Amino acid sequence: MVNFRVFSQEIPTDVIVEVGEANFNLHKFMLVAKSNYIRKLIMETNEADLTRINLSEIPGGPEIFEKAAKFCYGVNFEITVHNVAALRCAAEYLQMTDKYCDNNLAGRTEDFLSQVALSSLSGAVVVLKSCEDLLPMAEELKIVQRCIDVASARACNEASFPCRTPPNWWTEELSILDVELFGRIIGAMKQRGAKPLTIATALITYAERWLRDLVRDHSGNGIKCSEPIDSDLRIQQRELLESIVQLLPAEKAAFPIHFLCCLLRCAIFLKASSACRNEVEKRISLILEHVTVDDLLVLSFTYDGERLFDLDSVRRIISGFVEKEKSMAVFNGGDFREVSSSAMQRVAKTVDAYLAEIATAVELSISKFNGIANLVPKGARKVEDDLYRAIDIYLKSHPNLDEIEREKVCSSMDPLKLSYEARVHASQNKRLPVQIVLHALYYDQLKLRSGGADDRNQPDAVTTRNQLQADVSLVKENEALRTELLKMKMYISDMQKNNQTGTSSKSVGTRKPTFFSSMSKTLGKLNPFRHGSKDTSHIDDNLGVDVTKPRRRRFSIS
Numbered sequence: 001m002v003n004f005r006v007f008s009q010e011i012p013t014d015v016i017v018e019v020g021e022a023n024f025n026l027h028k029f030m031l032v033a034k035s036n037y038i039r040k041l042i043m044e045t046n047e048a049d050l051t052r053i054n055l056s057e058i059p060g061g062p063e064i065f066e067k068a069a070k071f072c073y074g075v076n077f078e079i080t081v082h083n084v085a086a087l088r089c090a091a092e093y094l095q096m097t098d099k100y101c102d103n104n105l106a107g108r109t110e111d112f113l114s115q116v117a118l119s120s121l122s123g124a125v126v127v128l129k130s131c132e133d134l135l136p137m138a139e140e141l142k143i144v145q146r147c148i149d150v151a152s153a154r155a156c157n158e159a160s161f162p163c164r165t166p167p168n169w170w171t172e173e174l175s176i177l178d179v180e181l182f183g184r185i186i187g188a189m190k191q192r193g194a195k196p197l198t199i200a201t202a203l204i205t206y207a208e209r210w211l212r213d214l215v216r217d218h219s220g221n222g223i224k225c226s227e228p229i230d231s232d233l234r235i236q237q238r239e240l241l242e243s244i245v246q247l248l249p250a251e252k253a254a255f256p257i258h259f260l261c262c263l264l265r266c267a268i269f270l271k272a273s274s275a276c277r278n279e280v281e282k283r284i285s286l287i288l289e290h291v292t293v294d295d296l297l298v299l300s301f302t303y304d305g306e307r308l309f310d311l312d313s314v315r316r317i318i319s320g321f322v323e324k325e326k327s328m329a330v331f332n333g334g335d336f337r338e339v340s341s342s343a344m345q346r347v348a349k350t351v352d353a354y355l356a357e358i359a360t361a362v363e364l365s366i367s368k369f370n371g372i373a374n375l376v377p378k379g380a381r382k383v384e385d386d387l388y389r390a391i392d393i394y395l396k397s398h399p400n401l402d403e404i405e406r407e408k409v410c411s412s413m414d415p416l417k418l419s420y421e422a423r424v425h426a427s428q429n430k431r432l433p434v435q436i437v438l439h440a441l442y443y444d445q446l447k448l449r450s451g452g453a454d455d456r457n458q459p460d461a462v463t464t465r466n467q468l469q470a471d472v473s474l475v476k477e478n479e480a481l482r483t484e485l486l487k488m489k490m491y492i493s494d495m496q497k498n499n500q501t502g503t504s505s506k507s508v509g510t511r512k513p514t515f516f517s518s519m520s521k522t523l524g525k526l527n528p529f530r531h532g533s534k535d536t537s538h539i540d541d542n543l544g545v546d547v548t549k550p551r552r553r554r555f556s557i558s
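Residue numbers for the sequence shown follow my numbering, beginning at 1 and rising by one.
Hints are supplied without guarantee of correctness; some may be wrong.
[To be verified] Within a straight-line C-alpha distance of at most 20 Å, the following computed EDC-like cross-link-like pairs (lysine to aspartate or glutamate) qualify: (1) K129 - E180; (2) K282 - D310; (3) K99 - E140; (4) K408 - E363; (5) K67 - E110; (6) K67 - E172; (7) K70 - D102; (8) K430 - E403; (9) K99 - D133; (10) K28 - E18; (11) K190 - D213; (12) K129 - E140; (13) K252 - E363; (14) K368 - D386; (15) K324 - E403; (16) K282 - D304; (17) K70 - E110; (18) K142 - E110; (19) K28 - D111; (20) K368 - E421; (21) K252 - E279; (22) K271 - E325; (23) K282 - D294; (24) K40 - E18; (25) K368 - E279; (26) K368 - E357; (27) K282 - D232; (28) K70 - E18.
These aren't lab readings, by the way, just hints derived from the structure by calculation. Being a predicted model, the structure only gives us computed values, none of them experimental.
Using the sequences provided together with the hints, build the complete structure.
Written out as structure tokens, the structure is:
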């Protein structure tokens, strides 16, 4: 229990005022002279001699009541921007108004508010900050609204005509406020016609102050966030983030894209509402042509940089940008599939470089890799060397993929769009599936046959691809034939060895004819007459072949 004595001990005190855990030994006549509220308590009490009064609900608590008591006793104390709002509320609570007594505490605090506290942006913001613990009385006394009016007007003026350095000093002043009061100032600035960039500057400063560890780290190599996602701190941060997003100005391009990416990563990490995430994603997709690889990596990795986030946000952002470009192309009467804007081409290069960065992640599946790569329209990639590099890195980082899986990885790439250097590298790349290697080799041969330099004499892409498919099928068929011939040669070699050691021909004849029948079908493909040739001039007539009934053939070595 704390004991405060604010008057001389020459006159014994006759009342104890309790404020929370503090007790004040005071004199009734001194209090009654200034406070109509205390006078009513003493007059209306049923006790013969009231010796104890409880004022625990007074705004500002014991510290402010002590100053109010000093005012009743005529003891000097300092009124400042930090305590003027609380003193004004306490004066209202104690009914220490000029109506009850001239030059009372309420009038003195009102004079200070008007003449000192609300004469500057800094003073108005400090008073408004102190009102956070004085609601709803500070609201009822119009202190809050007066502070908001002054702060918004001064902030707009400073943004347009800065008189201090740095020019954005006023954003730091506003950032000390609670998000609700800060939001009311932002709303007032919008009504006064503040530019979107001005609002954006204030919001960026505010977010970096209150979400410092989550927003300011742009590298993806930040500290490990050990705080549980359902802790009180994370819940407060989530609510704060959602409030900040709601304050974003309607102008979509008002914010730097790297800040929006950091804001979105923060929303993903804090598990913010879908409306919050969707709003930030839309804003990023609208200005995606300004994105860098580092910005996309901010979205993709956790704060410690050790594992991938869910890549759905990145896919939605790229898809949104592609849809926007498609709508603009249709509006302008162009063919989006054939001609891409410079913005779309920049995004394509950034996406390919981004894929190369995340390709080393072990947990990155083929479907997610291709899902992002295939979002970029084919016409946006004039040369696909960057995509080939990303695919090669992915194959190198995932060495256990089989042939079919490697073909799936490469399905997003068009080998005909590789540069000469990339095709040379691809033709020697053992990580690539055979089909891609053959495509690269065939294209170079095709260019050599057609003269190489003159692209106008070359067949179109559809014809080239069809020819490539046919050639690939022929190569695979030839490989199968070569394998069968090798088996036949080995088998006949074994037969000769057996004949030399005295093995009877019957033992050979008892073997199953499955192999010969299959070989007969295979070698039939090599028959020069299978395509309808009737030229028999080279056949010797003395062979005496019986054409009426073909006899059974046996393979032998000549």
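We went through each hint and held it up to the structure:
1. K129 - E180: Holds, at roughly 11 Å.
2. K282 - D310: holds (17 Å)
3. K99 - E140: holds (18 Å)
4. K408 - E363: holds (17 Å)
5. K67 - E110: holds (16 Å)
6. K67 - E172: It is violated: about 31 Å lies between the C-alpha atoms, which goes past 20 Å.
7. K70 - D102: Given that 20 Å is the threshold and the Cα spacing comes to 17 Å, the pair holds.
8. K430 - E403: Within the cut-off at roughly 11 Å; holds.
9. K99 - D133: violated (27 Å)
10. K28 - E18: holds (14 Å)
11. K190 - D213: violated (29 Å)
12. K129 - E140: holds (16 Å)
13. K252 - E363: Given pair K252, E363 is violated - Cα atoms ~34 Å apart, limit 20 Å.
14. K368 - D386: Roughly 18 Å between the alpha carbons, so the hint for K368 and D386 holds.
15. K324 - E403: violated (37 Å)
16. K282 - D304: Distance of about 26 Å is beyond 20 Å: violated.
17. K70 - E110: With Cα atoms ~18 Å apart, K70 and E110 stay inside 20 Å; holds.
18. K142 - E110: holds (11 Å)
19. K28 - D111: With Cα atoms ~28 Å apart, K28 and D111 exceed 20 Å; violated.
20. K368 - E421: violated (28 Å)
21. K252 - E279: Since the Cα atoms of K252 and E279 sit roughly 10 Å apart, the hinted pair holds (cutoff 20 Å).
22. K271 - E325: Violated, at about 30 Å.
23. K282 - D294: holds (19 Å)
24. K40 - E18: Answer holds: K40 to E18 is near 17 Å, not above 20 Å.
25. K368 - E279: violated (23 Å)
26. K368 - E357: Roughly 14 Å between the alpha carbons, so the hint for K368 and E357 holds.
27. K282 - D232: violated (29 Å)
28. K70 - E18: holds (16 Å)
The structure shown violates the earlier hints numbered 6, 9, 11, 13, 15, 16, 19, 20, 22, 25, 27.
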